[in-house]
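Participant: Using the sequences and the hints given, assemble the complete structure.
Spelled out from the first residue to the last, the chains are:
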Amino acid sequence: MSSPVVAAASVSRPRGRNAQVLSLLRRYPMASIGVVIMSVYALTAIFGPLFVGDPLSTSPSDALAPPSSEHYFGTDRFGRDVFTRAVIAARLDVVVGIVIALIAAIAGSLIGVVAGYFGGAFDEVVMRVTDVVLAFPGFVLALILVAALGDSIPNVVIAVAIAYTPYFIRLVRARALAEREREYVDAATLAGNGRWQIAFRHVLPNSLTPAYTQAALVAGWAVLDVAGLAFLGIGIQPPTAEWGVMVAEGANDVMTGAWWTALFPGALIVALALAFQLIGDDLQGEKR
Amino acid sequence: MSLLDVRGLSVGIAGKEELLLRDVTLSLQPGEIQGVVGESGSGKTMASLALLGLLPPSVELRGGTAAIGGRTVLDASRRGVTRQVGDLTMVFQNPRGALNPTMKVGHQVRRVLTKVRGKSKGEATTETVALLRRVGIPGAERVAGSYPHQLSGGMCQRVVIAMALAYRPRVLIADEPTTGLDVTVQAQIFDLLRELVEETNCGVLFITHDLGAVAEMCDRVSVLYAGQLMETGTTIETFEQPRHPYTRFLLESLSPQESSRLTSTEEAGVDFSLPGCRFAHRCAHAFERCSDFPQLFQAGPQHLYSCFLGEEEDDVAAQRSQLA
Amino acid sequence: MTRYLTRRAATTALTLFGIVVVVFFVVRILPGDAAVLRAGPYADAARLAEVREQYGLNDSLLEQFWTYLSGVIQGDLGTSTVSNGSVTAELLQRLPASLELGLYAVFLACLIGIPMGIVAASRQGGWIDRFTRAGVIMGSSMALFWLGLLLIYFFYSRLGWFPAPIDRLPVAAEPPPHLTGLFTVDALLTGQPDLAWTAARSLMLPVLTLTVVLVAPVMKMVRQSMIETLRSDYVRTARAMGIKERDVLVRDGFRNAMLPVITAIGIVFGYMLGGNIIVETLFAWPGIGRYAYQSIQNNDLEALQGFVILVGVLYVLLNVLIDVLYGLVDPRIRIGARAKS
Amino acid sequence: MSLLSVRNLHKTYGSGARALPAVRGVSLDVAAGETLALVGESGCGKSSTARIVVGLAQPTSGSVSLAGEDLHARVHDREVRRRAQMVFQHPDQSLNPHFTVARTVAEPARLLVGGRDIEDRVVEALRTVGLGPEYRARRPRELSGGQQQRVAIARALICDPELVVLDEPTASLDQSVRSRVVALLERVQQERQVGYLFISHDLTTVRRIAHRVAVMYLGRIVEVAPTEELFENPQHPYTRALLAAAPVPDPRRRKRVVPLRGETPSASDLPTGCSFQSRCPLVHDRCRTTQPQLEPLAPDHAAECFAVASRPEHLGVVGSDGRP
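Protein chains in written order, with our numbering: chain Y, 1 to 288; chain Z, 1 to 324; chain X, 1 to 341; chain F, 1 to 324.
It is worth saying that the hints were derived from the structure and are not from the lab. Some hints could be false.
Said to hold, decoys possible - Calculated cross-link-like contacts (lysine-lysine; reagent style DSS-like; alpha-carbon spacing at most 25 Å):
id, chain 1, residue 1, chain 2, residue 2
1, Z, LYS121, Z, LYS104
2, X, LYS244, Z, LYS104
3, Z, LYS121, X, LYS244
4, Z, LYS115, X, LYS244
5, Z, LYS104, Z, LYS115
6, Z, LYS104, Z, LYS119
7, X, LYS244, Z, LYS119
As the list claims (entries may be wrong) - Computed footprint of chain F on chain Y, listed as stretches where at least three residues anywhere in the stretch have a Cβ under 8 Å from a Cβ of chain F:
id, stretch
8, 166-174
9, 260-269
The structure displayed is predicted, hence computed values, not measured ones. For glycine and all other residues, C-beta sits at the position ideal for the given N, C-alpha and C.
Facilitator: Here is the structure:
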């Protein structure tokens, strides 16, 4: 029953800067928390390395030291400061998550809108290829791609991005199929637009809305996948400072009681993924 | 004593002061079809959802009482909606959407008979086919076994009416039952509704924005604007001697010249927090009294309207209190 | 309906073929010589020649593909360079372990997720709804390997409630005779309840790990589709006609929300097939996931290739099953609008 | 020589057993400055005809020529494209939500006419439809339904088309807005001598704006006549039923009418002979065997029905003056 008249009455137009921010906070509570967490990560990623030492410097003498004022997160089996490595790793994991989401979103949206709007053979081929790519459950495809392409950060990013592109293709294609039937597309034809102009100037902008929310969620899942691969020793290799690698290295220490080596990096991964989920979930809620 | 008596019905948005419906008063006699007219956003559907207790979660009952045959079915101050089986039901605008897409059409009628009227399965099955035939569906047995997506809009609406018949309401609310249907199918549905009213003597609230349908179908009409009752009277009184400026606006908008300065409700917008008459800012006759909440003035034995213009024309404010 | 099935069968065959093509060529784009990869860096020329001959590496790529494809069709996924055994046999021997772990996790995820989703949708804004939404967000941002580690640390190292995270049964226990391959089931079928309980205890931690991650998408999808169905006109009509809320929730609400729910369970199965690798590695679980992990460690590409194809085939067949379920659940798909208009 | 002439237009969707003949031999003419209304219920093929006439869809057979030129042969030619434009039914859907009003209205001018004075032409076009220059920067969601439709009309008019096809342009507008948009269209037609092909199922609006009316049923024109002649003296039984079924906003002129039986059958299984035979009160053997053709009955008045010549007076339709 949200007829325009009722909607207009209930949302009073906020005045001035902080009022607008306040109204955004009220409308997107969870996303705001997500943004706060994200900004902490961003700051750590940008300025962190200035405040911490060298993540690779080992000092076997105080290996596996518990968290203390000197080593906030304690030290790992090689005596490296877990906190330092965690801070340095922030830059890698945050950037990797966002880049994967962007690649998948952009590639997926472009292919999706062309397949959705033009249909025909291209659409059929795109659908079959996405079926095939989706037949490898998210993680498995990345696994085999990295195993084949070789263990390097760019390879992991490409592999995981390829695994998530079909999500965006399907999403934007479905939306483009719907937008194609709407009257403003006919009007654009009458106004003299060619099919390509209509696809990219009219249909694409209106088909992207679902892609924004999905991008936030995918960024979160990508962080988890990259860390998962690293945990299995695939893609990002020790001694690089990356949270997945750190959890893998700390795994056996946990058994012997040195819980801090794996707990902290793992917690940071989850918190980052959480931030992305909060943003994505709230935006998606808004769409409903 | 009237069949349905609604007094001071008010509904507001949860957590906000503004009232979407304010002090709406309606009365319906047995065997009467009353039109409830208003532009989109006037609250005409909201009022009926309130009576049925089906208000969306974001909206809450703020005041008012309603009684059917003298028995209270709604009391905002006490237990809210206390509707019982057979009191009232509602038919909605989008017929194909009003039927469960994964349930056979016959089953949807039958379950009203078994689950609500407590009839046995065998009895209900035969009565279902009879009801489908009664609402003019050819090949009732075959249709009973098919699914909503296999039927036309007109057929779906007849099934929903059959469900309402199975419920045997004393008051039936029809919310734009034929909007979107072809005009020849609409005429068939109007005919069917008229027959059912004569046969069961139930009262019908016919919600619509189409003045033609009101003239065709309704004995009385109530005009709603921005959640306020503007005018109520027999159809002929309201069409030929409209007393409230908004009713005049509606009738005049049927065939104005482009020159006449008529802004639509959508363009003019509505301020729900206004204490007084919400049409004042668009009304040519507005004067200082309009900032108070207008009472109902009497223009005839059954003809009431809420506008202070009435004060000059005939001082019957006293009579209004006797009615309330 | 038959036209729909034949078209579906065609697309499935095409997709399966696509999987084999992708896997075959992806593994082949490796830098370096395929023989060296299989024989290991220290193999001498003779050994390399022998390996080339054995794996038909001298034939043209297309011929290799053709032989590989015809093998796959007959169920032969090649030979492992590590054990020289048939990859198919090794996979099938380990599959039941993965299925036991996966099926319990998916079952639990649905057992918890579906009711929670329904209640959250019917009492929107209530504490269950808020709890469910929080659960969804936590579940979908949970790192599987980290969660597993924590559970092992708390429930095994600190509290000792569960057996060591190694293998499906304690070393001393004798596995039940092979009926379904699922130890808990086989033990019960052969009247060994205590063995079934021991097997169950080893299952609990890995299943719990997987369930926490799997329950999130189920809850989210059920809640979302229930909210949409409960807003529909037919639910409003049913309520207006006096049908009791419980009937409306089940017969009108959930019945129509089932389509997206079935899709969610399909997606969850996909996660499970993928997620197994980490959980099986963490808990030393002898399933196909761990087998994949080991094949990567030992660079046994034939085995990895076999694993990926098996998982792909399982997933595609699952999707076909889901489509058939769609037809059963939704009359609009089962019966097109053939009746009179 | 008429502005638009359509000769023997056919359009069939799908093929073989699943073929759906939407348009089955339609011929019509529109002169400059004239409004021809295409009236009929859902499934009669009026929208398909409109889309073919304006070049949005290809006909299966038959020709559409604009001022003597075959439109479909040169539909991609800017000069031809410019001459036929369209206004759609859903104002909220026919404007690209991401475009400002200025960019939407300017697009046809920019792509079809070009030149440097685009900005002025946009302001001029907006002024013609009663919108000030301040609307240029607004987005569709900031406008009311009526304002959105005015922008759509401005877009259609900016490159001086000779023919404008209007597909139910006022169907989704509130009554007050509807009348003013109709008045606007009439004024524009007088000023520019533009031809209108006006598609609608709302007979009240058609009666006001149309010079001639063609009634369609199941893909064929069953009757065509000057507006007053058609409303006063309907010949074809379907036209009579249509006029009788349309509700009239005057409570005194209620029509106790026996509504037309049944519903429009599906176009996929058409009977041989007259397509209206299953519902026609005058049906007889000849109707079941041969397809009637449009027979001229009076100057400019033709109907497709054998019984028309020997039509018995009573026709079973009480109050058959059928005047809405």
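Participant: All the hints need checking, so say for each whether the structure fits it.
Facilitator: Here is what the structure says about each hint:
| no. | hint | verdict |
| --- | --- | --- |
| 1 | Z:LYS121 - Z:LYS104 | 15 Å, holds |
| 2 | X:LYS244 - Z:LYS104 | 19 Å, holds |
| 3 | Z:LYS121 - X:LYS244 | 18 Å, holds |
| 4 | Z:LYS115 - X:LYS244 | 8 Å, holds |
| 5 | Z:LYS104 - Z:LYS115 | 16 Å, holds |
| 6 | Z:LYS104 - Z:LYS119 | 19 Å, holds |
| 7 | X:LYS244 - Z:LYS119 | 15 Å, holds |
| 8 | 166-174 | violated (count 0) |
| 9 | 260-269 | violated (count 0) |
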